[in-house]
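Enquirer: Here are the chains, one letter per residue:
Protein chains: 2
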Amino acid sequence: MKVNVNFERLKKNFLFEKVSSKVSDFAKRNPSKKIYNMGIGDVTKPLAKTIIKGLNDAVLEMSEEETFKGYGPYRGYSFLINNIIKEFKEEGISLEESEIFISDGAKSDCANILNLFEKNQKVLIPNPVYPAYEDTNIIYGNQIVYANATHENNFLAMPDENQDVDLIYICSPNNPTGATYNKDQLKIWVDYAISKDAVIIFDSVYKNFIEDSTLPKSIYEIEDAKKCAIEIYSFSKSAGFTGTRCGYTIIPKELVRNGSCLKDLWFRRQTASFNGVAYIIQKGAEAIFTRQGQEQIKENLNYYKENAKIICNTLNEMNVFYTGGKNSPYIWFKCFNSLGSWELFDLMLEKLQIVGTPGEGFGENGKNFFRLTAFGKKEDTLKAMELIKNFF
Amino acid sequence: MKVNVNFERLKKNFLFEKVSSKVSDFAKRNPSKKIYNMGIGDVTKPLAKTIIKGLNDAVLEMSEEETFKGYGPYRGYSFLINNIIKEFKEEGISLEESEIFISDGAKSDCANILNLFEKNQKVLIPNPVYPAYEDTNIIYGNQIVYANATHENNFLAMPDENQDVDLIYICSPNNPTGATYNKDQLKIWVDYAISKDAVIIFDSVYKNFIEDSTLPKSIYEIEDAKKCAIEIYSFSKSAGFTGTRCGYTIIPKELVRNGSCLKDLWFRRQTASFNGVAYIIQKGAEAIFTRQGQEQIKENLNYYKENAKIICNTLNEMNVFYTGGKNSPYIWFKCFNSLGSWELFDLMLEKLQIVGTPGEGFGENGKNFFRLTAFGKKEDTLKAMELIKNFF
Chain A
1 MKVNVNFERL KKNFLFEKVS SKVSDFAKRN PSKKIYNMGI GDVTKPLAKT IIKGLNDAVL
61 EMSEEETFKG YGPYRGYSFL INNIIKEFKE EGISLEESEI FISDGAKSDC ANILNLFEKN
121 QKVLIPNPVY PAYEDTNIIY GNQIVYANAT HENNFLAMPD ENQDVDLIYI CSPNNPTGAT
181 YNKDQLKIWV DYAISKDAVI IFDSVYKNFI EDSTLPKSIY EIEDAKKCAI EIYSFSKSAG
241 FTGTRCGYTI IPKELVRNGS CLKDLWFRRQ TASFNGVAYI IQKGAEAIFT RQGQEQIKEN
301 LNYYKENAKI ICNTLNEMNV FYTGGKNSPY IWFKCFNSLG SWELFDLMLE KLQIVGTPGE
361 GFGENGKNFF RLTAFGKKED TLKAMELIKN FF
Chain B
393 MKVNVNFERL KKNFLFEKVS SKVSDFAKRN PSKKIYNMGI GDVTKPLAKT IIKGLNDAVL
453 EMSEEETFKG YGPYRGYSFL INNIIKEFKE EGISLEESEI FISDGAKSDC ANILNLFEKN
513 QKVLIPNPVY PAYEDTNIIY GNQIVYANAT HENNFLAMPD ENQDVDLIYI CSPNNPTGAT
573 YNKDQLKIWV DYAISKDAVI IFDSVYKNFI EDSTLPKSIY EIEDAKKCAI EIYSFSKSAG
633 FTGTRCGYTI IPKELVRNGS CLKDLWFRRQ TASFNGVAYI IQKGAEAIFT RQGQEQIKEN
693 LNYYKENAKI ICNTLNEMNV FYTGGKNSPY IWFKCFNSLG SWELFDLMLE KLQIVGTPGE
753 GFGENGKNFF RLTAFGKKED TLKAMELIKN FF
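Top to bottom, those sequences are chains A and B. For the first sequence, position 176 (counting from the first letter as 1) is numbered 176 according to the numbering used here, and the numbering increases by one without interruption. Counting the second sequence from 1 gives a position; the numbering used here is that position plus 392.
Hints were generated in silico from the structure; no laboratory data involved. Treat the hints with care, as some may be off.
Claimed, not checked - A few chain A residues facing chain B, derived, Cβ under 10 Å:
(1) Asn56
(2) Val59
(3) Phe68
(4) Lys183
(5) Val199
(6) Thr242
(7) Ser260
Note that the Cβ used here is the ideal one computed from N, Cα and C, for glycine as well.
Could you build the full structure based on these sequences and the hints that come with them?
Expert: Written out as structure tokens, the structure reads:
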């Protein structure tokens, strides 16, 4: 038996696992100190009332023989899929039920989607970016090349026509930089993918933070994108589902490669490898799409957006370069005092008890940058910004 | 970009998807006819009261800022893991928290666990068996060899010393045959795996149906099994979680290959590819382990066991060879009138409106056998058996 040798190519720890180990170590040494956690992109507001009602109703159904639910449909319940279809339709994008797959959040599908492709594909990954893309591709034995996002291009990497690739990851609004592609830029990516016969994996989990109505929330707003792109979304950040786990993956019927409709292969993969998301959770997710649900999640989103403004205002005052904060819950700034990003992490943890995420954890291009999230409490965000202003 | 060519090697449809398509087609043609579904192994009794309370309490927690839960620990919550540790301890098996991984049910981990190994491994799969093992291994590009389970060996395949293999799947009590290995037989498998440097993937999801106390419920009851076996379990069949989705995977620290502790690789894989099971669902699963939870799920199990007896009694009266029914919710019998298993499926659906699962769907060796499940309602099981007795 041979162990997958690709594990040797991975960094020892997943980024957020390393951050949380360092924080718990500090907390053990300093049990009385309050820690301001602006590190992992985890939400803090409770689930909206309408979602709670959806969950409660579903729990009740599970308690009665007449309404109890066993195995659900492999691709998810129609009641949820049809809401997603309706939402896209309102944006002028038409989708069919067979193109949508309910998932337990973006992360699982981002990894498992690689089952669709041969090993040793050449994969283009932005640098910096959410580290799970790189880690999962390493485990699958793919070859990784980077699209450089830097201070110079405002952290919006563009394709290099001379570079042949098979798979392309795009996260817009980006994690960690908050930088968001406009339609013209995404069109360049779509044309590039088609010219290379590549598939784009488009991560749209932060789309609900977009305020500028000219910016695309879905890659399918771009002409021809259905021929080359898979879109992966999660309710984690929009509806506070980080601990509730639900999302969806879209594979358009126009996405055909080597004679195969990729949505059919994915359906086949899922029927053999997944038994769907809990009925209770899908009913909770359904409630997001009601009018009250939409109003209530908007309220929470506005709360986080307010935090983002507080952070941006502080950085503006301090004259520090940053991206994000607008159209994104993340603020990505140049490290104070020219520190390295892990140095700044340790300093801020030890001196100010503020936890952020070191840019280097997202790739080489982040080594002098730092990510803060807007998902905390308002009073904590205010206090943390005061501490930063006074210290640096 | 290259599509994974292994998809071409798969059967067109996943077995249960094919069965359910045929059934919905029949239902469309015969909207007024009552169908007795004894096909897919899906439970019908509602969740136990204590589990419902656990779910309700957790939903309430998600509604309040002070008790809201975002991302959980990657391997699952300690409150659930510690209950599993305690249950195993009562059976004389000691496990540590780092050896247990909470999952969304057995199916996902059964597939994704293949990430731990190189491609093109030689995988030994019982024939007949739950078809997801074969399908997922085909998708991953592994080579499959079969361990033949037949009428002659009472559907308990044993290893062939001359056969070198890398991975071995064992499901005991078996799906679909209900046949269950005793300790001596499992010891032979463990010794064989160690002699071949192979890893056993042991699927124990039906363990709660075991009534004969001499039969092992966990492979870790067998000496040296921790050195060679991963155990995968789901609450689906024991606690009615088929639509609620929770289970666990055990990788003992003694399971080391090529210098790597497989549990550490799996943890690394999961941190990059999975964000855990919903807090609400884990709280529901925790309730299974309370005294009341245990009593209530036992009541449901006894209900299904009673159905199994009803089916067995009918087959006994008809003098038909079968395995299972005892220690298992499945009854695996030789097709009436020497029919092929898909022929019997069609006949029973069209003439009696009874849905079973054709043995051939589980492998070549099942082509003259048929599976019925005990998960239906008692009155339906009685009625279906009467119909069968009268027709054949």
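Enquirer: Evaluate each hint against the coordinates.
Expert: Do the hints match the structure? See the list:
1. Asn56: With a closest approach of 6 Å, the asparagine 56 of chain A hint holds.
2. Val59: Hint on valine 59 of chain A: holds, closest Cβ of chain B at ~5 Å, below 10 Å.
3. Phe68: holds, 4 Å
4. Lys183: At about 24 Å, which exceeds the 10 Å cut-off, the nearest Cβ of chain B leaves the hint on lysine 183 of chain A violated.
5. Val199: Cβ of valine 199 of chain A sits 6 Å from chain B, so the hint holds.
6. Thr242: Constraint on threonine 242 of chain A satisfied, holds at 4 Å.
7. Ser260: Because about 5 Å separates serine 260 of chain A from the closest Cβ in chain B, which is inside the 10 Å limit, the hint holds.
Consistency with the previously given hints fails for number 4 only.
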